[in-house]
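If you want the building blocks of each chain, they are given just below.
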Amino acid sequence: MNVRHCCFLMVCCCLIPALSGSAQVQKIYVKPKEAGIEKQSKFVDSIRFIPLEIKKDIEIPSFSSVEFTRNYMMFSDPEDKVIVLYSKAGAFAGKISYKKIGDSFESSYDEVNDRIVFFGDNNNYALTPRDRLKILLNRNDPRNLKYFRKYEVDLSDNSFTLRKNAPDEKDLTHAMHLYDDIWYKGDITTSSLFKDSLGHEFRLYRNDRFLKGYFAYHHISEPRFLYTDEEVNITRTGDPFVNFLTRPFCDTVYKMFRDSLFPVYRLVLPLENSLPASFFIKPFKNKAERENYTRNNGWIFHQVYNIYENDRFITFDIEYLTRLESYIYQKESKTVLNIKNIKPDSSQYNLKLLANNGSQLQGDHFYRLLHAEDLLSFFEANKNIPIPDDLKDFLAGKPDAEAPVVIEYKLKN
Amino acid sequence: MPAFSQTGKLTGTVKDSASRAVLERATISVLRADSTVMAYQMADKNGRFQFTQLPLKKKLLVSATYAGYNVFYSTIELQGGKTDTLEVILTLDNHDSLGVVVSSGPPVRMNGDTLEINPAAFKTKPDAVVEELLNQVSGITIWSDGTITVNGKEVNSVLVDGKPFMGSSDPRIATQNLPKSAIDKIQLYQEFDRSKIGQPVQPRDSLLTMNIKLKETSKKGFFGKAGAGYGTSSRFESDLSFQVYNKKSSAGVGGGFNNINKNIGSLQEMFQNNTYRNMNPNLYNTGRFGGNGINRNYSGGISLVHNFTESANSRQNNRAVVNYTRSGTDLNLTDLNLQNRTTTSNPQFIRDEGVQSNQQNRQDLGINYNKTNTYNDNLNLVTNFSTSTDDGQSNRNTEVRDASDQLLSTNATTSRQHRTSSNESLNLSLAKGNSDEPAKNFFLQLNTRAGNSRSERYVTSHFNSLTDPAQNTDINRRYNNSNQSLNITGTLDYTGFKRMLLGRYNLFGIFLNFTNWFSYDRNSDNTAVGDYESSTASYIRNSSLSNNNKREKAEYTPSLSLSKFFYKYRESGYHGIQLNLKLSDELKSEKNQSSFTQRNLNRTFQFFHYDGSLSYQQQKKEKYRYFGSLNYFRNFEYPTVDRLYSLVDSINVYDIRIGNPDLKNSITQTLNTNMNFNTQNPKSKFLISANLNGNYSVTSDPVTDSIINELSGKRSNYYINADRTENRSLNYNFNMSRKMKKSELLLMYSGNLRNTRSSNYIDALRNTSKTFGISNQITLQYSMNTALIITLQQSFQNNKSRFSLPGLKSFSNNGSTTRLGIVLNLPANISISSTADRVINSNVKKPIVLWNTFMSCRVMKQQGEIKFSAMDLLKQYQNISNSVSAYGTSTRITNGLQQYFLLTFSYFPRKFGNTAAGKPKK
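Line by line, the protein sequences give chains U and A. Offset between the first sequence (1-based) and the numbering used here: plus 310. Offset between the second sequence (1-based) and the numbering used here: plus 14.
Simulated from the structure, these hints should not be mistaken for laboratory data. Among these hints, one or two may not hold up.
[Said to hold, decoys possible] Derived Cβ-Cβ restraints for the label pairs, each shown as a range: (1) A:T105 / U:E642: 21 to 27 Å; (2) U:E642 / A:M798: 32 to 38 Å; (3) A:Q93 / U:A706: 22 to 28 Å; (4) A:M514 / U:G548: 48 to 54 Å; (5) U:D506 / A:L379: 56 to 62 Å; (6) U:E642 / A:K72: 47 to 53 Å.
[Said to hold, decoys possible] So these bits of chain U aren't anywhere near chain A, every CB distance computed over 12 Å: (7) A476; (8) K505; (9) V574.
[Unchecked claim] Each computed BS3-like pair below joins lysine-lysine, with the alpha-carbon atoms no more than 27 Å apart: (10) A:K210 / U:K595; (11) A:K889 / A:K276; (12) A:K582 / U:K409; (13) U:K693 / A:K210; (14) U:K366 / U:K409; (15) A:K59 / U:K662; (16) U:K410 / A:K199; (17) A:K637 / A:K755; (18) A:K755 / U:K391; (19) U:K352 / A:K59; (20) A:K635 / U:K366; (21) U:K341 / A:K755.
Built from N, CA and C at the ideal position, the CB exists for glycine as well.
So here's chain U without its partners, still in its complex pose (with noise of 0.2 Å):
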């Protein structure tokens, strides 16, 4: 098989899915442009507050995201190297450093037997991509584990110890769990490297034995996948067996209930924002023309993450080739709104929920860390609006600017 029939397969493959569903299909007309504006207070309702508890030497920074565990709340400073807890009711739990492992390590929480996870790379050693893809292909060598270190944190233990332990394969080829015993990968990349040209952008394994595979490309010298490392990306629902599944390079949303896969939505972008049909087909000859190419076409579309969806709404975020955009679709009015041209009003204390990021999606709820100075500036300047009840011991406390909150919400539904 020439890379040309290879090329056309992959089309058909992209393409009839889409094609196959299309009864089901809902397509959603997305206009980058778009400058429509409206107010928050549409969108998110079910405000509440999570002050969380001061304490000496603990600052979390703005751009800190919250991440729940199963007991916790979670802050990450990268910069730092600190992750700090939190009950979910706001007290303050524990602090850990991460400091004296090195550089290169990203915390992870590892729901299956909560804890924290840090994988990274060996200080001893510097790897290329080519590198890592070579050790990937050789991971049952055991001489290949010294390249990468990994440490736990057990949150079932107060005393939130850091602990080394051996990586194993899962670590090496970034499986995630999915639910019961079912682990996906959703890498996608091409190499010479590879001694089969069948790849799957999305594989299923149980525990370490591959189960299905799916959107077949070829491994070799895919033209839309040359020179670049790609990732299909799953968003969780509050339900563990139904997901969100979305695909480098195409506009079809699927949804995943345990292993069967459905296109839902299909995003449909102006001309000038849609993939070329020569993308597909006219393979980049180096990695210089690709780079160009992303450069030079920044308003390209890319790939779709972060989906949320209840009966009025969706969210949804687009990554063009070099920006990265937040809507949100509105079901009845069937029109899709910039995330950034919806602006915070008085009714909500002018906090700015809905932004392009640093919200975090847990179950139906939506959390944000922001800091005190927000809420202070505000009742300071509207002193006719009651500050609400689960504030009022807080702010009474007269904390810094910089004093956490978290905020809870929900989009209306």
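We have chain U; now place chain A onto it with these hints.
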């Protein structure tokens, strides 16, 4: 003046009409009655804005803009004692659902990481150029030396549509020629520094770049200047600069002819000096009074630039630039040198005066090709060809007197020479970086240069000793010389060395760079010297000076650099330390073949040395940036064959050079420190930058002179090693700017200190000389809305020398210059400017005042200019300069320009796209 001290205040909020949601970052502008911008700001996160210090009882227009909304306008008139509040309600522009703003839009906005300036939002004169526009943007400062800073950060490159405008790296060709009306927007962003390809990226490695995006209708155009002037004392000038461009190509012709010492030798200089700018009349492109002698200069040239790619970004370049210049100078110089010469027993005073004329003609052809595809590759190829001919003659008379003003000797020389030379050079630099294959990262630089020269010189010298007539000499000598030279130098930085050597091993994060430097140098001289024999009326070969010499030198220096970076990024900024250690082994081999046996040498040298540096940098976001470094390095030098076995020519009786075969190698150790600080606070009206550079070097076994002074003043210099020489220097500058609405105050202070301690021998006695020099300059410039620019400048210099040998007298001289400059740009296209320099020199009895005045008037719809220059109105100017050395102080007085008046007419042809500059298309 209470009327001026009372000002009004305006506050308000900006909201959406339908939802009443506040509109953060909406732009609110306060305009005068004539629609010029008085002040602007963006609404805060609560939609609030606040203006202070607004004039009272004047009608002001307030506009508010926000993408996708109709523009809001309201007229206000502020009264004293109370704050006016305005609620701005913006309605959605339903006719423009794609968000294209019909109005001029906000003056500045952030688009991702790029700051975009919208020219249409700034009200300027119809013929304003980019520089005048930039002057109105808060945070941008254009310093008087042409440097542009944005919130304290220096703009490293100015591009037009992603490329150097007209192929030039000088930003002024773009900013002082392109009219505001031709500009779509101006972008400011950080760009990767290609000189760091393959190396770890540091915060300082990005370059602040300004990109001027032309309107689609202005992608082609032409501009230039043709001017000619004539004045008293037969002074004249003429200048030509004409440039034409389109999307891919540009061409320029330039030239000039003058006898007012105006520099026109370089084509790029011609283009830069003949820009259209009308904010600050060019006080520098005038007769140069500080120059030596009277120069008649001419030049003419052409420059062609072609971009083989249409890309409008700065990553992808594929460009060729060709420059050709033909230029020349006729110099007429009379000079007088007064020298206090140190000797142990008889201090000597030397008076040396001469008349010199010289004619030089040269042609230069340069071809530059640049290709880059990404930020990780770079190919640059530069070739230059030049030819020159020099013809000159001079007459000099020298007198040496003792402390009691008794004449000791005289020397009269005449010289006549003709020289032709040609040079070719080829410079190649190639860099590649690839994160996937780091073992293939490298940076190669290769420079080759070849030259030929031929000269013929006739010198007569008549030395008359009044102390010992037996020393009298009378020489008539001819020198014929031909020289061929070839030099090849290369540097290969193998930045992938660590990967190649250690594979995946990271070596504690230490970066390794293996550098190979090599050089091959070949120099062949054929010198024939003949002494005139009057009896035969011919030149007889002088066998002690005539010689053939061929020198070949090969050098190779492998170096290993180890660098380690420690840095920390935070939301509020970053700070980091960098350590460097460089180990080098210099291997040198020299072979000298000469017709004199003792000059046949075959030598090899090896010198191992280690250099190091430590640097620290800190940036507090939107507050300040600080950088400091400490460097240590060693240099090795071996004596040249001309110092070991000099060919002694006694025709210059006051400086007879004699070699020393016992000279030793010398080693110099240098410690250098560099510190700079600049504020980067966009909210502050003050911008401060300061720089300090200190240098200390000590040389062991330096080559110095052993001087034998004879009673007649005749002097022989023997090369000899001293024990050590020490040099200290400190350079510093401090700049500050203060914006006050439309006016700006600039303060620039710079100076340097130099201190040298060196040894020599005078009449066989060891002497240690200490010299000290200080130079300081402070400039204060106030500009009011480009209509008035006042410059006040004070500079002073002091030089001292002291000697350890008893009987030697210490000397000092000093000078100072006070300058007042005023530029007045009147509304009726008339500009008046004047500079007055008051020069004080310790060797001149009375201060000298150089007063120049210019008056220019723009006519013919701004495309013509009549300029009247009145130079040296007080007719006082003299060219005087002071210097100091280990042997005493010197004062040099030369002829130069003196009072003249000049009337010049210039025409500025200009067209950008289909619209003539200054006439916006309707």
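Could one say that the CB atoms of E642 (chain U) and K72 (chain A) fall in the range 47 to 53 Å? holds, 51 Å
Restraint status (C-alpha distance of K582 (chain A) to K409 (chain U) at most 27 Å): holds, 12 Å
Since K505 (chain U) was said not to touch the interface, does its Cβ keep a gap of more than 12 Å from each Cβ of chain A? holds, 20 Å
Does K693 (chain U) pair with K210 (chain A) here, judged by a C-alpha cut-off of 27 Å? Roughly 56 Å separates the two Cα atoms, so the pair is violated.
Straight-line Cα separation of K341 (chain U) and K755 (chain A) no greater than 27 Å? Since the Cα atoms of K341 (chain U) and K755 (chain A) sit roughly 40 Å apart, the hinted pair is violated (cutoff 27 Å).
Beyond 12 Å from each Cβ of chain A, as asserted for V574 (chain U): holds, 27 Å
K755 (chain A) and K391 (chain U) were given as a pair; does the straight-line alpha-carbon distance stay at or below 27 Å? violated, 44 Å
Please work out if K210 (chain A) and K595 (chain U) have their alpha carbons no farther apart than 27 Å. Given that 27 Å is the threshold and the Cα spacing comes to 25 Å, the pair holds.
For the pair D506 (chain U) and L379 (chain A), does the Cβ-Cβ distance stay inside 56 to 62 Å? Taking Cβ atoms as reference, D506 (chain U) and L379 (chain A) lie about 59 Å apart, which means the hint holds.
Would you mind confirming whether the straight-line C-alpha gap from K352 (chain U) to K59 (chain A) stays at or under 27 Å? holds, 19 Å
Please work out if K637 (chain A) and K755 (chain A) have their alpha carbons no farther apart than 27 Å. holds, 21 Å
For the pair we were handed, K410 (chain U) and K199 (chain A), check the Cα-Cα distance against 27 Å. violated, 48 Å
The structure fails to meet hints 2, 3, 13, 16, 18, 21 from the earlier list, while all remaining hints are met.
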